[in-house]
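A.B. asks: Work out the full structure: start from the sequences and follow the hints.
Number of protein chains: 2
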Amino acid sequence: MRVMIEVELKVRADHAQVRRALQRLGAQPLGVEWDEDLYFNAPHRDFRQSDEALRIRVRGRGGILTYKGPKLDPGSKTREELEVEVRDWQRLRDILLKLGFGEVAWVRKRRERFRVDPFVVALDLVEGLGEFVEVEAESDGPFEDLLTRAKELLRSLGLPQETIRRSYLELLLEREQPENI
Amino acid sequence: MRVMIEVELKVRADHAQVRRALQRLGAQPLGVEWDEDLYFNAPHRDFRQSDEALRIRVRGRGGILTYKGPKLDPGSKTREELEVEVRDWQRLRDILLKLGFGEVAWVRKRRERFRVDPFVVALDLVEGLGEFVEVEAESDGPFEDLLTRAKELLRSLGLPQETIRRSYLELLLEREQPENI
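Chains as they are written, first to last, in our numbering: chain S, 1 to 181; chain F, 182 to 362.
Here are the simulated SDA-like cross-link-like pairs (lysine to any residue), alpha carbons at most 25 angstroms apart as the crow flies:
| # | chain 1 | residue 1 | chain 2 | residue 2 |
| --- | --- | --- | --- | --- |
| 1 | S | LYS98 | F | ARG346 |
| 2 | S | LYS98 | F | SER348 |
| 3 | F | LYS279 | S | ARG87 |
| 4 | S | LYS98 | F | ASP321 |
| 5 | S | LYS151 | S | PRO118 |
| 6 | S | LYS68 | F | THR247 |
| 7 | S | LYS98 | F | GLU261 |
| 8 | F | LYS249 | S | GLN90 |
| 9 | S | LYS98 | F | GLY250 |
| 10 | S | LYS98 | F | LYS252 |
| 11 | S | LYS68 | F | GLY281 |
| 12 | S | LYS71 | F | LEU278 |
| 13 | S | LYS98 | F | ARG229 |
| 14 | F | LYS279 | S | GLU6 |
| 15 | S | LYS71 | F | PRO224 |
| 16 | S | LYS98 | F | GLU319 |
| 17 | S | LYS98 | F | GLY283 |
These are computed hints drawn from the structure, not numbers from a lab.
C.D. replies: Right, here's the structure in full:
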């Protein structure tokens, strides 16, 4: 549970190569998680237009409801996030459906995380999309300085500077409907 | 957490008198609770028109999100209910507000419950409204027979047969805006 600004840069990357660079930097392994996320759209506004997101992350029988606000700057994926844990994710899904929200897609990924202070580097293997790296940090204040340092970290990991602003959800939907981009 | 049909009859009542009748019937006391409920309206349809309800019931730091569907028959308050527990009710409120839902009103009540199988009889003292009695039972199948028996119970408690279909929320809102009924 948190209210903060998430600074986040995402690039396509070869994981084997990034793992070697992380080792050279002395990055601390934080473990692996499997995420199963169900995304929703709203009945009264199109989240693709408003640049918001609403999802349930499955955690056994329970889950986490996350709201993501519109991105706050043009270069990164920085945005506001609100999260709350629920006891029964399927019951929450039923309520959202009754309220008129619609299921959009599942996003499933393997995420391996490393700490390189003040950042967390995530090696994501996304079902249907392939390998990505995300550099993330959280801030409750101004985030511009953090953004500059995140880009320096990308460089020192040998990663491209052209970051991807689109979410995995958006990338998956584009892939399914290449005509409609 | 549950999916079922809630059969529910509500009447205005003098609690002291109903308590005596319950004692004669050998009703089993189930205890007292204080409910603090925050009700919401939706941005895309007016729950007063669609006869739905969405509320957070506060339970310490946590809470219960409840969706109530439209009433299923003309005489009672029978309707579908979906509930899910959340870890942090204020965080859930923040997410609902971000999604465009609006806070409508708080409903606060003292509820004293008794079991008279298969029913639960609730003596409700509602802030701003006064004393009521609700007769409730849950069913996952046909509810007409249950409804008939609930009305018989009302009679044997010396209570009026003219039931109130409106929710405490509706009664409170009418009270605040008597011109707009």
